[in-house]
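K.L.:
For the record, the sequence lines run as chains A and B. Per my numbering, the first sequence starts with residue 1, numbered consecutively. Per my numbering, the second sequence starts with residue 357, numbered consecutively.
By construction, these hints were calculated from the structure, which means they are not laboratory data. Cβ coordinates follow ideal geometry from the N, Cα and C atoms, glycine included. It is possible that part of the hints are untrue.
[Unchecked claim] Now the in silico label distances, taken between C-beta atoms and shown as ranges:
#1 B:Glu373 <-> A:Asp173: 22 to 32 Å
#2 B:Asp390 <-> A:Ser261: 43 to 53 Å
#3 B:Cys372 <-> A:Glu18: 49 to 59 Å
#4 B:Cys372 <-> A:Asn279: 18 to 28 Å
#5 A:Asp246 <-> B:Thr418: 43 to 53 Å
#6 A:Glu247 <-> B:Gln389: 57 to 67 Å
#7 B:Glu373 <-> A:Thr244: 35 to 45 Å
#8 A:Thr244 <-> B:Asn416: 25 to 35 Å
#9 A:Pro94 <-> B:Asn416: 22 to 32 Å
#10 B:Thr418 <-> A:Pro283: 36 to 46 Å
#11 A:Lys284 <-> B:Cys372: 29 to 39 Å
#12 B:Lys394 <-> A:Asn224: 46 to 56 Å
#13 A:Asn163 <-> B:Val411: 15 to 25 Å
#14 B:Cys372 <-> A:Gln83: 37 to 47 Å
[Said to hold, decoys possible] Within a straight-line C-alpha distance of at most 25 Å, the following computed SDA-like cross-link-like pairs (lysine to any residue) qualify:
#15 A:Lys304 <-> B:Glu398
#16 A:Lys284 <-> B:Glu393
#17 B:Lys376 <-> A:Leu218
#18 A:Lys229 <-> B:Glu393
#19 B:Lys361 <-> A:Gln174
#20 A:Lys248 <-> B:Thr401
#21 A:Lys216 <-> B:Glu393
#22 A:Lys229 <-> B:Phe374
#23 B:Lys409 <-> A:Gly210
#24 B:Lys413 <-> B:Ser380
#25 A:Lys234 <-> B:Gln385
#26 A:Lys216 <-> B:Thr414
#27 A:Lys26 <-> A:Tyr117
#28 B:Lys394 <-> A:Ile187
#29 B:Lys413 <-> A:Lys26
#30 B:Lys376 <-> A:Tyr220
#31 B:Lys409 <-> A:Gly164
#32 B:Lys361 <-> A:Lys26
#33 A:Lys216 <-> B:Ala367
#34 A:Lys229 <-> B:Ser383
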Amino acid sequence: MDAAKRYNRQTILPEIGEEGQYKLSKAKVLVVGAGGLAAAILPYLASAGVGEIGIIDHDVIEISNLQRQVIYKTSAVGKAKVQEAKLMISELNPLVKVNVFAEKLSRKNAVSLFENYDIIVDATDNISIKYIINDACLVTNKPMVYGSIFRFQGQVSVFNYQNGPTYRCIYPDQNNNALNCEDAGVIGISVGIIGMFQANEVLKMILGIGEVLSGKILVYNILNNEQQKYDFDKSDFHLLNKETFDEKYNKSEVEEINFESILDEINNDEVLFLDVRNNDELPKIDLKNQIQIPLVNLENEIEKLDKNQVIYIFCQSGIRSKIAVESLQRHQFKDVKSIVGGVLAMKQLLKKEISV
Amino acid sequence: MIEVKYFGAIAERTKCEFEKMSFSELSLQKLLQDLNEKYQFESLTFSIAINQKIVSKTTNYTLQTSDVVALLPPFAGG
Numbered sequence: 001m002d003a004a005k006r007y008n009r010q011t012i013l014p015e016i017g018e019e020g021q022y023k024l025s026k027a028k029v030l031v032v033g034a035g036g037l038a039a040a041i042l043p044y045l046a047s048a049g050v051g052e053i054g055i056i057d058h059d060v061i062e063i064s065n066l067q068r069q070v071i072y073k074t075s076a077v078g079k080a081k082v083q084e085a086k087l088m089i090s091e092l093n094p095l096v097k098v099n100v101f102a103e104k105l106s107r108k109n110a111v112s113l114f115e116n117y118d119i120i121v122d123a124t125d126n127i128s129i130k131y132i133i134n135d136a137c138l139v140t141n142k143p144m145v146y147g148s149i150f151r152f153q154g155q156v157s158v159f160n161y162q163n164g165p166t167y168r169c170i171y172p173d174q175n176n177n178a179l180n181c182e183d184a185g186v187i188g189i190s191v192g193i194i195g196m197f198q199a200n201e202v203l204k205m206i207l208g209i210g211e212v213l214s215g216k217i218l219v220y221n222i223l224n225n226e227q228q229k230y231d232f233d234k235s236d237f238h239l240l241n242k243e244t245f246d247e248k249y250n251k252s253e254v255e256e257i258n259f260e261s262i263l264d265e266i267n268n269d270e271v272l273f274l275d276v277r278n279n280d281e282l283p284k285i286d287l288k289n290q291i292q293i294p295l296v297n298l299e300n301e302i303e304k305l306d307k308n309q310v311i312y313i314f315c316q317s318g319i320r321s322k323i324a325v326e327s328l329q330r331h332q333f334k335d336v337k338s339i340v341g342g343v344l345a346m347k348q349l350l351k352k353e354i355s356v
Numbered sequence: 357m358i359e360v361k362y363f364g365a366i367a368e369r370t371k372c373e374f375e376k377m378s379f380s381e382l383s384l385q386k387l388l389q390d391l392n393e394k395y396q397f398e399s400l401t402f403s404i405a406i407n408q409k410i411v412s413k414t415t416n417y418t419l420q421t422s423d424v425v426a427l428l429p430p431f432a433g434g
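Based on the provided sequences and hints, a complete structural model is requested.
P.N.:
As structure tokens, then:
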């Protein structure tokens, strides 16, 4: 039959054989994100004969994606990534069933989607989604194949594999401003290599061969080819079930606001503007009813703030301020919002205001 | 000698990928404090490994000659 010929070179490997091929054909893998990592992961999972592949991504193809997202063609710029990825797979291997979701993974759809798959692959470029994937994998008891890039370095690990440690066991809280590829820059080869490591972990789990990268994080540097593995333990502080997941994510809906819409409140004594940048960060901003508490000190100095006051929080670009809002919401603050775009956006508007 | 390795955004801040420090004994807390003064890591998130094993940031550990410490920030690209 066609399939036997198609997979012959891998089924003659004693580690795979007919039995391994059968396991592959029965496997269901969800790839979250259809960017650079997925461009390496998808064709290799499909060509190896993984039976069912889900892809979720809400983006369309942009010309600046093509230097690393090598499964997309120049003529497809402007089209939905998931549709093009599906087309690529159906041409590569029509035996694979492909399910696509042209939407963003969120706290609302993650759990119900993950339930239909055996393995979840994190091919995203955004830290807050990584926490959602991690937490939803915990709730649904699925392994998460993590991959991520910073310029010429990459990290790979498998979380929650047979109740093993999770992303939160290395990075407990979402409290950072790690740059993604758009901001930091990236070349295609580094995402390709890391995506390939991820695809490899997926196949090993399905086939039950080798040693899964669980409880270890691999860090690879393509400039000097140094590769290190770091061990980490499971921490029981981060267990979640369906109820605690819903509770956690329903509470922490961060409200954002444009500075423009609150410009007339800058002299209002009823509201407070909270700067969560460090003391040495520029440009300075000088509003009448403003105080500064760096994000790292916020939890310790929380008594300086009034839980019933309207508080507008800002930082340099609007990322740390969202974390600050979550933190204050956990302490039952009633009305806190994060200013979109941070000081950089505020300065522009203030300048305009003055020149008028 | 104690070696400290830097990765990702941390290495961008330190402008080097590793440093060797000529202590024979030094507490992890003191090392972190010194590095923080030198590089102002406060706004960056990272986890810490000693000899390839990730440990809690508050671990009480006295670094010995030939120990290797690594500062591992999360990456976000993909």
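K.L.:
Taking the numbered hints from earlier one at a time, note which ones the structure violates and give those numbers from smallest to largest.
P.N.:
Violated: hints 6, 9, 12, 18, 21, 28, 29 and 32.
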